[in-house]
Structure formats: structure tokens, C-alpha cells
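**Student:** The residues making up each chain are set out below.
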Amino acid sequence: MEKAQFTSPWLPYLLLAPQMIIIAIFFLWPAAEAIRASFFLEDPFFGTATFVGLQNYSDAFAASDYQRTAWFTFVFVVLVSLISLGIGMMLAVSADRVLRGKGSYKTLLMWVYAIAPPVAGLIGVMLFDQHIGPLVEFVAYFGWDLQVGVDYWDTGFAMIVVATWKQVPYCFIFFLSGLQSIPTSVKEASAIDCRSETRRFWTITFPLLAPTTFFLLILNITYAMFETFGMIDQIVKDQPGNSPVTLVYKVFRDGFRGNDIGGSSAQSVILMILVLALTVAQFRLIERRIHYT
Amino acid sequence: MAVTEIDSSAETSGTTKAASADNRPRRKTKIFDHVVLWLGVLLMMGPIIVAFTTSTFDHVTIHREGMQFGWGGEFVETYKNVLYQEGGFTGEVTGLLMTQNSLILGLGFAIGKIVVSMLAAYAIVYFRFPLATFSFWVIFTTLLLPLEVRILPSYEVVQQLGMLNTYSGLIIPLIASATGTFFFRQFFKSVPNELMEAARIDGAGPVQFFWDILVPLSKTMMAAIFIIMFVVGWNQYLWPTLMTTEEGYFTLVRGIRNIMQQMIGADIPEYNEALAMAMLAMLPPALVIIIFQRMFIKGLVEQEK
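Protein chains in written order, with this note's numbering: chain A, -2 to 290; chain B, 3 to 307.
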């Protein structure tokens, strides 16, 4: 339905002005600059730039460092997204079923959302510390000599654990609200038809949660790719050495520490295209949801 | 809820043997659910509790014996140090100052975002004008590129504008993303059309309609967004890290990075003060979320729609 609308020659522009000015200066300009710089080879000392076409891109893809980072990012994103999704759903299903203590469980489980990724990273660094970390001691019982900051995949393991821990509350909140929006009539009907709670979950509840799951999956991927920066920065501690990093962290490191502006920009543009794909997926999903309800 | 109601009604009226036997699996799942939730709480709260208890010990004990699970008795000393004494390189910056900066960032970000995005959403939903579709798409594109992927050129722009180490340079570029605008756009679209027609018949102009009708109607929405945005703003890390090189502008979350770097060089790192700082950095957003839980969840879940 079309909304009744005002007409005014200047007022809408005035209302839009603050948003548009901020977007133009702090979004469009830098984004255009990133795309432009990705085609140039810049000399950080003389400030000169030579047009090199797609060379920055082919260099990025060809570098073994980039391939390794991309592979780690892939593993990291997949594990963090899926594990936090799984734990979040399990907790939400249980929290939806219990009668006593529902509110307290909810509060205790969700507030971790408030913790900033670098703060989570700091706590993670301590828990996984060689000297003082209880988690290192714990896995040592099982004969695992966990060496965060030394061994590539051990460090990666710590990152995955911290990133997942931080994302569980988010998934929990969405799943719980998704479960609570399932109509009582549906729950009652299914309870009459089928005694097995497990079977009821997989045939009724889980399909009804599917839209929430897809939505969360995309948000989790975005989270794992971009918002984990602060956490990774704490665990890596400015000593890149043999530590795994994500693609976003590499953009930052190559640009600010390595002064490779063209290469960093090309990596930015590659990430932009990835985000574009994710956003399109998200919006198509939301459109489909409208049919759903 | 309904499922358990059915079960409990069976329990009360269940005089037959079959009914009481049927209740057994239900009770088992109930216990199972509590076990799952307790494990979940342990998983989520455990690291925080250990971090807190460890922060009450002195750093030599921590260094020698690892993280602690009891009460160390150094609580007042450590937290006083972090709040008032911590010097940084210039000897000017204290935990209190960083808390103040974090508050400025959190509040400035939340308020700025609400004001800017409400105005823009109002223009897009309630006005017919030639550039409406174009503006919508321009705003939409900001969702495509998180700050993290355009960080280097963003930094250069802010540098050229001379906004490094200023509060406006810290806050305004973060407002560029359009999540808030979409939120309000969605909400305004759900406001019944009759309200606006009635207001127009009564002779209200667009400004009066906005101020007297739309803003009061949006109060809950505004509060929900405010809570989320405050937490998001308070927790910003990458942008403040690049933007602020003067310690007087450090936020708590930004300060974590420096604490970390000091720890690398130290013989016996100040674990207790680092953890105390982490506690301080998580306390305000955690309190906000716990106190305004209902509104926070509403705002968060609304994004899905």
C-alpha cells in the first residue's frame, strides 16, 4: 500500500542532508579511493603512483601468504558460524522448555553479548597463556601441549574458541525469540500427534526455525569475518610471526604496517565483493520470508 | 509452554497407570534441559568469573600460580590503581578518563545515529520527491562495506580533514553506516496511514507531524536502538585505535591494546590490572543490557524483520 506523502520542495533534502553528507565524506569518498588505489602501485616514500592495472589483484591471489590467510579465514568462519549456531540453538531449545528459572537462565546466557571482542580477546589470551592459563593446564591432562602464539593451529584454535564463545549469546537470543514466536496451536497439535520430543523437534520446530537459522548464519559469517578483528589483534599481539590471521586483519596489517597501499586496497576490494554477495543473499532471504509469514 | 501444560494436566488427572508411566520421559527431559542450561551458564560465565577472581590477586601470585579461583583480597588496591593511577606514556591518562571517553563515544554514537537516521528515514518514507529512490540506494550501499574493509582510505580522509584525535573524528565516521536508517524506515512504514491523514486534516505540517506524533510514537523503538547502539559504540576498537594516538582520547576498549603491549615487555606482567581493566570495560555495557533486557532483545530481534 502506498503511503500518503507530504510534498515540499526543500524539506526532504534538508532532512536527508546530515546522513548524505556523512555518507559522502566518510563512506563514498574512502570507498572510491580504495577502488582507485587498488589499480596503482604507490611509493610510500615519494608519494608517486604508477598505474598497474590488475597487477595488485593477481599479486594478492598469487601470494602464498594470501592463500594461507584465505584458507584460515575460511576454516575460522565456517567453524565459528556453525558451532555458535549449534550451541545457541541447543541452549534456546532448553530455555524454551524449562518452566522454572527461565528468566535467570536467559539473563545469564545473553549478557556476554555486551563484551567487546578485544576484551574477550584479552581474557582469552590469559586463559590460554603458557604460564598462567587454566585451559592450557586442562588440555595438558589429555596430553595436548597447547602452545598459543607458537603453533599456527594452536593459536587458531584459541581464536576459534574465543570467537565462538562471544557469538553464542547472539544466536541464543534470536533462537529463543524464534521459538517463542511459534504459535501455541502448532505446538499443541504436534504434541497431540507425536509423543517423541526429539522427533517433534526435527519435524516441526527445526523447520519453523529455518528462516532464523539462515538469517543468523549470514550474520555469523559477517561477524566472524569483520567483528573479530579486535579479538585477533589481542591474540596476535603485534607479533605476526607464525600466527594465523583473517583476511580483514591482513588488509589492516599490509596497509598500515607494511605500507603496501595498492595491495591492501586490492584486498579491500576483494572483501567488498564478498560482502556484496553476502548482503544480496541476506536480502533475497528477507524477501522470501515475506512469503513465509 | 503449551506442551508442558498438556503434560501437567495429564499428571493431575493421571490416575491410570499408563499416564504416570508416560510422564517419566517428560521428567527426564526436564532434568536434561536444566543440565544443558547449567553447562551453558558455566561456559558463558566461567571465563568472566575466573577473570574477575584473578584480578583480585596480586600479579606475583598470578605469575607464580596461574589464574585464581578464590578471593585474593587485593580488589580495592588493584581497581583503585586502574581507575586513578595508570599513567601510560604521558602519565596523564587514568582509567577514569578512559571511562569518560568511552561514555562520550557510546552516547555520541547512539544519539548521533538516532538523530541522523530518524531524519533520513522520515524523509524517505513520508515525502514524495524526485531523488527519493536514488537517496535510498545510496544509503543502502553503506550496508555493503563495513568500516573494516575501507579502513585505510577512511583514515586518510579523516587525516586530511584534520580530525585525528578529536571526538568528532572518532564518532562521525562511525555513523556513516545505515543500519539505523533501515530500522526506522521499517518502523515508520508500519505506522498506520490514518494518523498522517488525520494530522493533515487538522492542519499539521510535516514538521509538526514529525515532532508531535511520530517522535512520541517511536519512543520504544528509539530506546531499543539507543541501547544497542550504545553497546556497539562503547565496544568500538579498530577505529579508535587508528584515530586516537593521543592518550587523552583513549577509550577503555582502546586502552586494552596498550595494556597488552605493556604486558609483552614486562618481566612479571601486571595480569591483575589488565584483567581489572577488562572488567571495567565490560561493566557498563553489561549493566545496560541486563537492566534494559526486554528492550534490548526487542531492538535486536527487530532487525530480522
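Please keep in mind that the hints were generated in silico from the structure rather than gathered at the bench. Glycine included, each C-beta is placed from N, C-alpha and C at the ideal position. Treat each hint with caution, since some may be false.
What the hints assert, rightly or not - Quick look at which bits of chain B chain A covers, simulated, 3 or more residues with Cβ under 8 Å:
hint, segment
1, 123 to 131
2, 177 to 183
3, 224 to 231
What the hints assert, rightly or not - In the SDA-like style, the derived pairs of lysine to any residue whose C-alpha atoms are separated by at most 20 Å in a straight line are:
hint, chain 1, residue 1, chain 2, residue 2
4, B, Lys30, A, Lys234
5, A, Lys234, B, Lys82
6, A, Lys99, B, Ile292
**Student:** Against this structure, judge whether each hint is valid.
**Tutor:** Cross-check of the supplied hints:
no.	hint	in the structure
1	123 to 131	holds (count 8)
2	177 to 183	holds (count 5)
3	224 to 231	violated (count 0)
4	B/Lys30 to A/Lys234	violated (47 Å)
5	A/Lys234 to B/Lys82	violated (27 Å)
6	A/Lys99 to B/Ile292	holds (15 Å)
In summary, the structure is inconsistent with hints 3, 4, 5 from the numbered list given earlier, while agreeing with the others.
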